[in-house]
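Asker: Build the full structure now, drawing on both the sequences and the hints.
Chains V and U are the protein sequences, given in the same order.
Each residue of the first sequence is one higher than the last, beginning at 0 in numbering that gives the first Met the number 0.
Each residue of the second sequence is one higher than the last, beginning at 0 in numbering that gives the first Met the number 0.
FYI, nobody ran anything at the bench for these hints, they're computed from the structure.
Hints may be right or wrong, so weigh each one.
[What the hints assert, rightly or not] Derived contacts from chain U toward chain V, CB cut-off under 8 Å, selection only: (1) Ser3; (2) Ile4; (3) Leu7; (4) Leu15; (5) Gln63; (6) Val65; (7) Thr116; (8) Ile117.
[As the list claims (entries may be wrong)] Result set (EDC-like, lysine to aspartate or glutamate): computed pairs, CA atoms no more than 20 Å apart in a straight line: (9) U:Lys2 x V:Asp346; (10) V:Lys84 x U:Asp80; (11) U:Lys1 x V:Asp137.
[As the list claims (entries may be wrong)] Here are some chain V residues the structure puts well away from chain U; computed CB gaps all over 10 Å: (12) Ser18; (13) Ile71; (14) Gly279; (15) Phe306; (16) Asn361; (17) Pro531.
Heads up, the beta-carbon is just placed ideally off N, CA and C, and yes, glycines get one too.
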Amino acid sequence: MQFYRAHVLICGGTGCTSSKSVEIKAEMEKELKALGIDNEVQVVMTGCFGLCEAGPIMIVYPEGTFYSHIKISDVKRIASEHLLKGRVVKDLLYYEAIQQDKIKSVNDVDFYAKQKRIALANCGLIDPENIDEYIALDGYQALVKVLTQMKPEDVIEEVKISGLRGRGGAGFPTGLKWQFAANYEDDMKYVCCNADEGDPGAFMDRSILEGTPHSLLEAMTIAGYATNAKKGYIYVRAEYPIAVKRLEIAIKQAKEYGLLGESIFDTNFSFDIEIRLGAGAFVCGEETALIESIEGKRGMPRTKPPFPAEKGIWGKPTLINNVETFANIPAIILKGGEWFSKIGTEDSKGTKVFALGGKITNTGLVEIPMGTTLREVIYDIGGGCPNGKKFKAVQTGGPSGGCLTSEHLDTPIGYDNLVKLGSMMGSGGMIVMDEDNCMVDIARYFLDFTCDESCGKCTPCREGTKRLKELLDKICTGKGSLEDLDRLEALAYYIQDNSLCNLGQSAPNPVISTLVHFRDEYLAHVIDKKCPTGVCKDLLHYTITDKCIGCGSCSKVCPQGCIEPVGKVINEKTNRRAYVIDSSKCIKCGACMDACPPKVSAIIRQ
Amino acid sequence: MKKSIADLARIRQEALKNIQLRDQNEASCRIVVGMGTCGISAGARPCLTAIVDEVHKRGLTNVQIVQTGCVGMCRLEPMFDVYLGNEKVTYVDMTPEKSRQVVVEHVVNKRVIHEYTIGAVENK
Ligand SMILES: Cc1cc2nc3c(=O)[nH]c(=O)nc-3n(C[C@H](O)[C@H](O)[C@H](O)COP(=O)(O)O)c2cc1C
Ligand code: SF4
Ligand code: SF4
Ligand code: FES
Ligand code: FES
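Answerer: So this is what it looks like as structure tokens:
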């Protein structure tokens with residue numbers, strides 16, 4: 000095997016690929032060849048590093064130099080300066096990797112230093128298309144251990160001891176679920192991986208699939224052994240082409256090595272995995288809808304019970320787990336359930352990956368131990384709200400989660416804690432809002448999503464979310480009344496109680512939580528007909544005060560031509576008049592306000 | 000080809016040698032080669048290549064080889080520093096052959112080759 004003195008890792012995740020990381024890799028290979036050092040420097044395409052917003056990302060080892068926002072034109076300098084002469088190209092470093100001229104390695108950058116990576120451990124460290132690199136980092140050793148030293152019930156016991164709970168949404172104890180699936184006897188059983196990842200903004204599952212696909216294959220095979228299933232399905236959305244491609248490559252490699260297929264390691268255990276592509280409907284992430292979809296039917300939830308563990312795919316017992324849940328399994332087997340259970344809190348063990356988004360400096364994927372506070376995640380890792388804005392709320396749990404306020408920032412993150420506060424863990428979306436966000440508008444935004452995604456099977460969800468949205472529209476446009484707030488609340492609880500699946504049951508969460516925590520904003524909308532943040536345009540009014548000097552700047556920029564000098568006379572001699580906005584024509588673009596000379600500032604927005 | 004458990008262990012061993020370079024906590028020894036313009040023209044590249052090759056041949060997985068720019072002593076190039084434990088030793092006026100000796104003697108056998116160090120050469 001060739002030995003390299005330096006490794007250049009280029010992110011090949013979805014984010015960086017879309018900003019040309021594939022071309023950057025090709026360019027790097029070309030440059031290294033031109034310098035004659037292509038046989039001493041290895042170029043590797045990895046999975047997502049989690050800081051996609053700083054992408055394309057390039058890490059140079061052994062130093063661990065962290066370059067961000069790389070362009071094709073930067074490659075030549077990195078090759079000739081850093082890789083040939085050993086001089087770090089400082090102006091291309093990630094901003095936090097260089098402070099007072101001291102260069103930090105990737106592991107010492109705050110964003111990474113505060114994380115604990117189990118599920119994402121290999122992401123950004125190995126070449127996901129090279130099974131040997133996975134094997135180098137103990138890959139498939141858990142499978143060896145399970146098949147040679149453990150009985151199926153030992154495996155289940157180990158998972159139970161770990162305290163691992165499902166990472167896909169509901170947080171059901173994984174060991175118990177495996178136990179249920181193992182208990183049902185049948186001639187055929189299935190293991191299914193839910194890689195539908197429907198939450199807008201969440202992309203941890205995609206990153207795992209793209210960054211370490213073998214982890215998933217290994218874990219599913221272990222689950223197959225533990226539950227006596229012969230066949231696995233990975234249900235992944237077709238919008239994840241890179242993930243699908245890497246999974247296909249991984250499956251092919253695992254089959255070649257005999258890690259999937261007949262008589263694995265010459266034991267009498269055989270297991271096979273197939274990919275099923277989903278069309279990307281949110282509801283298809285719900286496990287029973289997912290099963291329908293795999294069977295080729297329209298993705299609509301079934302009534303439970305029977306749960307999938309009893310009657311799943313083709314009516315056979317089926318174990319269904321989320322990608323991130325599975326990604327924890329190899330480490331649990333190798334290091335022991337005991338080790339895992341020491342991380343986290345009483346009811347929530349291990350780590351959780353969150354997708355930080357919204358008004359936060361470092362958007363990206365972070366994996367932290369359960370029990371870390373929201374404050375640590377948002378400020379220490381996420382870097383707080385950008386541009387010195389004040390933090391207002393954080394929404395956890397995706398479109399069906401709830402909004403929490405600054406009062407809750409010191410809450411240790413855990414399944415039960417978040418539910419207690421009216422939100423949930425969900426799949427790990429975390430969207431930060433600052434003082435400029437209108438909470439009524441936010442609730443409307445999420446409702447818009449769930450309303451669109453309702454499969455239509457049950458009336459409370461199908462009709463109810465639509466009516467909720469209409470009420471919110473009414474409030475945001477200043478047509479709402481106090482009675483509407485009561486209607487909103489009553490309907491929200493009704494939908495929660497009467498929907499078949501969790502989509503409907505949780506869809507009102509954003510409404511309920513904002514009604515509880517930000518009632519004053521709702522009241523401002525319905526009583527004063529004002530949007531305190533100025534987001535709801537229909538509630539805004541631009542007016543010109545008597546500070547107006549009649550310069551006419553605003554009139555020139557108004558796209559509607561609705562500002563005329565028809566106000567009171569300001570100059571008797573010239574008969575100059577103040578300008579007035581015809582609010583019936585105003586589209587509230589704000590252009591006039593920007594145009595008015597700052598020292599005059601005659602235009603106000605209310 | 001189907002792999003046995005023993006095959007898997009072998010693949011792991013081999014692949015680990017390469018991938019360990021990316022482990023920030025592993026390296027116990029660092030060799031820092033001067034690769035400024037002066038160093039390169041004085042023949043630092045063949046030395047670097049020789050070090051890389053020797054380190055690999057001996058399967059030393061805990062050695063980091065990095066380069067640095069001109070350190071301002073151009074007449075003593077090619078030169079490199081070996082950081083082992085808390086100690087830093089600077090070797091100067093190197094050749095590929097001498098570089099290999101340093102890897103064997105200093106890095107593997109933990110014996111500094113004094114005659115090649117900056118102290119010895121400077122006092123000549
Ligand atoms: C509307 C809806 C969407 C869901 N989407 C997903 C999803 O995208 N991925 C996922 O793993 N689980 C999703 N779930 C949760 C699954 O139904 C199921 O609980 C989960 O896959 C079980 O795996 P776990 O125990 O490992 O979390 C969704 C649930 C609902 C109600
Ligand atoms: S609650 Fe909504 S998404 Fe779920 S089954 Fe009913 S209509 Fe479909
Ligand atoms: S807000 Fe826009 S449309 Fe309205 S008056 Fe000002 S410039 Fe005209
Ligand atoms: S895709 Fe490159 S860091 Fe996420
Ligand atoms: S036009 Fe009146 S102050 Fe600008």
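Asker: For each hint given before, does the structure comply? Return the numbers of the non-compliant ones in rising order.
Answerer: As far as the earlier hints go, 7, 8, 9 are violated by this structure, in ascending order.
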